[in-house]
Amino acid sequence: MGFSVEDIRKQFPALHQEVFGKPLVYFDNGATSQKPQVVIDAIEHYYAKENANIHRGVHYLSQKATDAYEEARRIVQRFIHAKNDYEVLFTKGATDGINLVAFSFGELLEAGDEIIISEMEHHSNIVPWQLVCQRKQTVLKVIPILDNGELDMVAFEKLLSKRTKLVAVTHASNTLGTINPVKEIIQKSHAVGAKVLIDGAQSIQHLKIDVQDLDCDFYAFSSHKVFGPTGAGVLYGKEAVLNSMPPYQGGGDMIDKVTFEKTTFNELPFKFEAGTPHIVGGIATGVALKYLQELDFESVHQHEMELLNYAQAEMKQIEGLRIIGTAKNKTSVISFVVDGLHPFDIGTLLDKQGIAVRTGHHCTQPLMERYGIVGTVRASFAFYNTKEEVDLFLKALKRSIELLK
Amino acid sequence: MTLEEKQQEIIDEFSIYTDWMEKYEYIIDLGKSVKTINEDLKTDDRLIDGCQSRVWVASEFKDGKLFFSADSDAIITKGIIALLIQVLDGESPETIVNADLHFIKDIGLQDHLSPTRANGLLSMVKQLKKSALLAMR
Ligand SMILES: Cc1ncc(COP(=O)(O)O)c(C=O)c1O
Numbered sequence: 001m002g003f004s005v006e007d008i009r010k011q012f013p014a015l016h017q018e019v020f021g022k023p024l025v026y027f028d029n030g031a032t033s034q035k036p037q038v039v040i041d042a043i044e045h046y047y048a049k050e051n052a053n054i055h056r057g058v059h060y061l062s063q064k065a066t067d068a069y070e071e072a073r074r075i076v077q078r079f080i081h082a083k084n085d086y087e088v089l090f091t092k093g094a095t096d097g098i099n100l101v102a103f104s105f106g107e108l109l110e111a112g113d114e115i116i117i118s119e120m121e122h123h124s125n126i127v128p129w130q131l132v133c134q135r136k137q138t139v140l141k142v143i144p145i146l147d148n149g150e151l152d153m154v155a156f157e158k159l160l161s162k163r164t165k166l167v168a169v170t171h172a173s174n175t176l177g178t179i180n181p182v183k184e185i186i187q188k189s190h191a192v193g194a195k196v197l198i199d200g201a202q203s204i205q206h207l208k209i210d211v212q213d214l215d216c217d218f219y220a221f222s223s224h225k226v227f228g229p230t231g232a233g234v235l236y237g238k239e240a241v242l243n244s245m246p247p248y249q250g251g252g253d254m255i256d257k258v259t260f261e262k263t264t265f266n267e268l269p270f271k272f273e274a275g276t277p278h279i280v281g282g283i284a285t286g287v288a289l290k291y292l293q294e295l296d297f298e299s300v301h302q303h304e305m306e307l308l309n310y311a312q313a314e315m316k317q318i319e320g321l322r323i324i325g326t327a328k329n330k331t332s333v334i335s336f337v338v339d340g341l342h343p344f345d346i347g348t349l350l351d352k353q354g355i356a357v358r359t360g361h362h363c364t365q366p367l368m369e370r371y372g373i374v375g376t377v378r379a380s381f382a383f384y385n386t387k388e389e390v391d392l393f394l395k396a397l398k399r400s401i402e403l404l405k
Numbered sequence: 406m407t408l409e410e411k412q413q414e415i416i417d418e419f420s421i422y423t424d425w426m427e428k429y430e431y432i433i434d435l436g437k438s439v440k441t442i443n444e445d446l447k448t449d450d451r452l453i454d455g456c457q458s459r460v461w462v463a464s465e466f467k468d469g470k471l472f473f474s475a476d477s478d479a480i481i482t483k484g485i486i487a488l489l490i491q492v493l494d495g496e497s498p499e500t501i502v503n504a505d506l507h508f509i510k511d512i513g514l515q516d517h518l519s520p521t522r523a524n525g526l527l528s529m530v531k532q533l534k535k536s537a538l539l540a541m542r
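Protein sequences, first through last, are from chains A and B.
Going by this note's numbering, 118 is the number at position 118 of the first sequence; the sequence numbering is gapless.
Going by this note's numbering, 503 is the number at position 98 of the second sequence; the sequence numbering is gapless.
None of these hints come from the bench; they were simulated from the model.
We treat Cβ as the ideally placed atom computed from N, Cα and C, and that holds for glycine.
Just to be clear, a hint being listed does not mean it is correct.
Computed beta-carbon distance windows for the label pairs [to be verified]:
hint: 1; chain 1: A; residue 1: E184; chain 2: B; residue 2: D449; range: 37 to 47 angstroms
hint: 2; chain 1: A; residue 1: L295; chain 2: B; residue 2: D494; range: 50 to 60 angstroms
hint: 3; chain 1: A; residue 1: E18; chain 2: B; residue 2: Q491; range: 28 to 38 angstroms
hint: 4; chain 1: A; residue 1: T230; chain 2: B; residue 2: D449; range: 47 to 57 angstroms
hint: 5; chain 1: A; residue 1: G252; chain 2: B; residue 2: D424; range: 34 to 44 angstroms
hint: 6; chain 1: A; residue 1: K395; chain 2: B; residue 2: L539; range: 46 to 56 angstroms
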């Protein structure tokens, strides 16, 4: 199957606009992705034609909405290759999914149990575990990284022990782009009896995900980073592990029978989906993943790698510029600093030239400390970006540096 | 010059720039040339910790007037602070507390004042006004 970036761009209306009189170059895909027309249409169609509450109505519309929502769950199931559709929980996003595990799986932990995370985690995969440690007197251990932004796997193996109950690591770093060897991490963690949560917020849009092949116990992601809507996301969990956990939130839908004396809980996935969910969010997540599924993965991946390699090679020629995160396996994310210049200044000038990047600590403050920097400028590419846009970015970057020097 | 005249002067200055990059070039030059605060005054109690760039402000109350100096690790932030100080320096605390700093919006820099921009500038304006309030006591 071919891959035409021009055809693809036509499907993303937000890409076609000017900012400050310049054509928009959207390189902030790590923060959130733009949406294809099919997703925008699905949201409008739902509210115009299908809106009803799900799982509880006797009427036609309610059944239709329920069917659409449950079909979306099966699309997600197929996309991440989960064994069962009820192992796919709809959440508000990656953060929500991680907090669900931190609370419910956390309830199973005892004082002295250990949780391992890594130095490159997003705050969303740090703070929930710190809260568990406060609540349950568990101990947090951190896998250090090497200078190039890869995990120190030797150190990781030393941290593993019989006390390790959970390993929570990101599949791909939002700041560095590093793709972690999660399969190896999962195998080694399982060998000591620990469960593994993979933060998939930055891998779902770039890599082929097969949760059965990975054998992870949990995989969390946000829809908005994978061309779907904000406020929606997915937590995959293995059936047996999910069943061993108490519910997260109480409310409608998650119950079997309620009396004031005793309440019994619904089965998976509903046990973890209290209240009226973000119905259209779930449906549109399915539409986004279906859209992505229909593209040729190899061509998409190759295109992203071409953008990454081209941009990195050109940026290395710029005097004083240092790329933070030079792992062998990377997603199309480039974080960088320029000697003597503040990332905020560079980002502001790029913005005025139409280039949208992110600057700052990217919700990874410990990582910034590790590198001894206040922040970086981060350009993150999606498959709808082009080499011409990279050229515009490089030109604008050089001009910004010149002005600031 | 009154506070209003000082604001107008800046607005006039900026009106000759049609291109955004020219405006920022001017701000950057200001940022590079501004008198910054003494290193020993860059203490934590003078630090306004914005999310991205750090800003320090010091004030001095002399003969009923306030005088400011400031610094930031980001040059654009520093340039904008320089503009603020250009307007407020040497004014009475009453004038500063009541000042409507509309020039920021008029020259198109209001996005730097939004709390979500988180570059410390909004906190800086608050800090300058707070110094003025304290001086009025
Ligand atoms: C690696 C990683 N984990 C978690 C998150 C949190 O995602 P959300 O804010 O959508 O819940 C992000 C988002 O920036 C991320 O990049």
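So, going through the hints one by one against the coordinates:
{"no.": "1", "hint": "E184/A x D449/B: 37 to 47 angstroms", "result": "44 angstroms, holds"}
{"no.": "2", "hint": "L295/A x D494/B: 50 to 60 angstroms", "result": "58 angstroms, holds"}
{"no.": "3", "hint": "E18/A x Q491/B: 28 to 38 angstroms", "result": "32 angstroms, holds"}
{"no.": "4", "hint": "T230/A x D449/B: 47 to 57 angstroms", "result": "36 angstroms, violated"}
{"no.": "5", "hint": "G252/A x D424/B: 34 to 44 angstroms", "result": "56 angstroms, violated"}
{"no.": "6", "hint": "K395/A x L539/B: 46 to 56 angstroms", "result": "48 angstroms, holds"}
Hint check: violations occur at hints 4 and 5; the rest are consistent with the structure.
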